[in-house]
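> Note that the sequence shown covers residues 0 to 44 in numbering that gives the first Met the number 0.
Keep in mind the hints are simulated off the structure, nothing from the lab.
Treat the hints loosely; a few may be bogus.
[Stated by the list, open to error] 25 Å max Cα-Cα, derived SDA-like pairs, lysine to any residue:
1. Lys30 to Ser43
2. Lys30 to Ala3
3. Lys30 to Gln40
4. Lys30 to Phe6
5. Lys30 to Val2
6. Lys30 to Leu4
7. Lys30 to Arg42
8. Lys30 to Asn7
9. Lys30 to Phe41
[Claimed, not checked] Derived Cβ-Cβ restraints for the label pairs, each shown as a range:
10. Ser43 to Leu4: 27 to 33 Å
11. His39 to Asn7: 15 to 21 Å
12. Leu4 to Leu24: 26 to 32 Å
13. Gln40 to Asn7: 27 to 33 Å
14. Asn38 to Leu4: 15 to 21 Å
15. Ser23 to Ser43: 18 to 24 Å
16. Asn38 to Asn7: 18 to 24 Å
17. Leu4 to Phe41: 19 to 25 Å
18. Val2 to Ser23: 15 to 21 Å
For every residue, glycine included, the Cβ atom is placed at its ideal position computed from N, Cα and C.
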Amino acid sequence: MNVALAFNVKKRAAVGKGSFKNISLNQILVKNFNNALVNHQFRSG
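Hey, can you work out the whole structure from these sequences and the hints?
In structure tokens form, the structure reads like this:
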């Protein structure tokens, strides 16, 4: 969970600096990471 939180913090920092090009890419990465995390929890749980 901490890694996903770090992604969100970096994404907000990027938004604050106005680098809008990377936002969509970051959102895709975060979504994929969260999906992988959920899938892993289901398998291990």
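> Would you mind marking each hint as holding or not holding in the structure?
Hints, one by one, checked against the model:
{"no.": "1", "hint": "Lys30 to Ser43", "in the structure": "holds, 20 Å"}
{"no.": "2", "hint": "Lys30 to Ala3", "in the structure": "holds, 9 Å"}
{"no.": "3", "hint": "Lys30 to Gln40", "in the structure": "holds, 15 Å"}
{"no.": "4", "hint": "Lys30 to Phe6", "in the structure": "holds, 10 Å"}
{"no.": "5", "hint": "Lys30 to Val2", "in the structure": "holds, 12 Å"}
{"no.": "6", "hint": "Lys30 to Leu4", "in the structure": "holds, 12 Å"}
{"no.": "7", "hint": "Lys30 to Arg42", "in the structure": "holds, 18 Å"}
{"no.": "8", "hint": "Lys30 to Asn7", "in the structure": "holds, 11 Å"}
{"no.": "9", "hint": "Lys30 to Phe41", "in the structure": "holds, 17 Å"}
{"no.": "10", "hint": "Ser43 to Leu4: 27 to 33 Å", "in the structure": "violated, 20 Å"}
{"no.": "11", "hint": "His39 to Asn7: 15 to 21 Å", "in the structure": "holds, 19 Å"}
{"no.": "12", "hint": "Leu4 to Leu24: 26 to 32 Å", "in the structure": "violated, 18 Å"}
{"no.": "13", "hint": "Gln40 to Asn7: 27 to 33 Å", "in the structure": "violated, 18 Å"}
{"no.": "14", "hint": "Asn38 to Leu4: 15 to 21 Å", "in the structure": "holds, 19 Å"}
{"no.": "15", "hint": "Ser23 to Ser43: 18 to 24 Å", "in the structure": "violated, 31 Å"}
{"no.": "16", "hint": "Asn38 to Asn7: 18 to 24 Å", "in the structure": "holds, 19 Å"}
{"no.": "17", "hint": "Leu4 to Phe41: 19 to 25 Å", "in the structure": "holds, 20 Å"}
{"no.": "18", "hint": "Val2 to Ser23: 15 to 21 Å", "in the structure": "holds, 20 Å"}
Violated hints for the displayed structure, listed by number in ascending order: 10, 12, 13 and 15.
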